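J.: Keeping their order, the protein sequence lines are chains A and B. Residue numbering for the first sequence follows the numbering used here, beginning at 1 and increasing consecutively. Residue numbering for the second sequence follows the numbering used here, beginning at 349 and increasing consecutively.
Since the hints were derived computationally from the structure, they do not count as laboratory data. The structure displayed is predicted, hence computed values, not measured ones. No false leads were slipped in.
In silico PhoX-like links for lysine-lysine, alpha-carbon gap of 25 Å or less:
1) Lys398(B) x Lys543(B)
2) Lys439(B) x Lys414(B)
3) Lys289(A) x Lys229(A)
4) Lys380(B) x Lys567(B)
5) Lys380(B) x Lys543(B)
6) Lys439(B) x Lys455(B)
7) Lys229(A) x Lys575(B)
8) Lys541(B) x Lys112(A)
9) Lys364(B) x Lys229(A)
10) Lys455(B) x Lys500(B)
11) Lys238(A) x Lys364(B)
12) Lys229(A) x Lys368(B)
13) Lys455(B) x Lys544(B)
14) Lys350(B) x Lys500(B)
15) Lys545(B) x Lys414(B)
Rough simulated footprint, nothing fancy, chain B against chain A, three-plus residues with beta-carbon under 8 Å:
16) 3-15
17) 43-51
Glycine included, each C-beta is placed from N, C-alpha and C at the ideal position.
One-letter residues, chain by chain:
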Amino acid sequence: MDFTFSEDQLLFQESVRDFLVNEVTPERIRASWLTDSGREDALWNQLAELGLTGMTVSEANGGLGMTVLDFVLLAQECGYVGLPEPLVHTVMVAVPLLNDLGGELAEQWLPKVASGEAKVVVGLEQNLLVEDAHVADLLLMQQGGTLYAATPDQFSLCYSESVDPSRKLFTVELLDSAAPVASGEQAATLIARTLNRGALGCAAQVLGLAQRMIDLSVHYTGERQQFGKPIGSFQAVKHHMANVAVRLEYAKAPTHRAAYAVATGQGVAAHAVSHAKLVACEAANLAAKNSVQVHGAMGYTWEVDLHIFMKKAWALANTWGDAGFHKTRIGERVFATDAVLGAGATFV
Amino acid sequence: MKVLVAVKRVVDYNVKVRAKADGTDVDLNNVKMSINPFCEIAVEEAVRLKEAGVATEVIAVSVGEKSCQEQIRTALALGADRGIQVETDGKVEPLVIAKLLKAVVDKEQPQLVILGKQSIDGDNNQTGQMLGALANMGQGTFASEIAVEGDKVNVIREIDGGLQTVSLSLPAIVTTDLRLNEPRYASLPNIMKAKKKQLDVYTPDDLGVAVTSHITQIKVEAPAERKAGITVKDVEELVDKLKNEAKIIS
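Just chain A, with the same shape it has in the complex:
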């Protein structure tokens, strides 16, 4: 079985990386912090023109009909630049949930999402706050065991500040006019799948964030001189970053495996996603810690770009299930009396 990414998937990654690195610069991100919404319609339109917002929308609804497996490398690239726009959420969470809900709601909204006309945001109780609810044209919101669909006139928002200035978080209160779209067992299944997709999106993004922190640190330690040499040439410094690089490399395979499990609806998907989110966030956390170390005190300042990526990694680590939640899920599976463990059960 060939687990390598296809030529198309790698080509998409390269193409999207070129776009994001050129267009989503730290300067542009800093400028977005000064705006009311923190979001840029022009950038969203560019993402839509490239076909990104419609990647997981079916071809019948104007999209490309791809899966989260096709998008996982692109989510890493979104993380690499610290993209503030809710692209990963749209492609990996909102669209698949709309696809699962189907019916008139999907037919009405999916073409608009693909064309970039509308943004759909999902709020689950797992996340206490809903990111980007202020720009949502449609909100799919969990309340208890029911999923509701609400347009902006059917909910009210209360802003809540995040450690990451790029994240716009809100407490959402649904009004009575919000319509239930799934309940009971159906809602429980959809909520579980959505949680997995959200956590997978986080894992992929933090891989990119960790890589960016490594790159920033390697660049800085290659320039900064001490005792007549770049500080990156000293073992005490380079080992810091080598440790991060190793941790990051070992976090990639579980994340890609989780994407495969989610895309193909495997029974191990929840377990694989938890594994991915844990190891990816650990790698990003180590990247943040060691990057601050090798930058010295200035690594913690507002002026140095490192914090843009560091804070996003911290924030994502506690979104769509924190470490405790995901460790518990893995523990429940591993210690179950009927657990099937070992290499032979990897893809069961």
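Starting from the known structure of chain A, arrange chain B on it as the hints suggest.
T.: Just chain B now, kept in the frame of chain A:
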């Protein structure tokens, strides 16, 4: 109107190029390769002419090893209709590239040929001019604006100290400067479509061109590193050094 666009595979402009340890060439191991930025501008201009209804077909052509098909596919993803690769081994000098392009021009009979003014690896700035001479076509080099009007193409050229407007009879050669346009990014649907577009491969023999070399690359070396500066005590010392050491003021 058929438009032929030449594209070259070069080291990506973001890559910090290094010379090989033995000084024989630039080290291309594990280096990202891309379409030459000036060629990308040429593709964009051709695609815009097609979108404006001026051009009917855009053909992207590249001369090089099989790997240059990646850059032809990039051009196809940006909007070119079909591609042509002239497969050669190793480095090919501008005159040979111009002769090969001339053979493609004879075969395709385009009304307009757009090339980048130079490639960012060789920096020769020769192929477009040589092709113009070989094909006996008028040339508008360093173009910052192109307008096709009937059987003429008006080209605004960027020259030292200003702009020059020339009018060329079609068929003609245009080489692009940086300010001609801002190339688009290839969309994912177009990247997928590009894989299905026609790409013909010719050898120099097919085109009746002999690949010969008149140039031998002797050595490649990195520029000398800048020496560290010094701190002067006051303006008087600065003026003294500029006058007596650097001798740049009198």
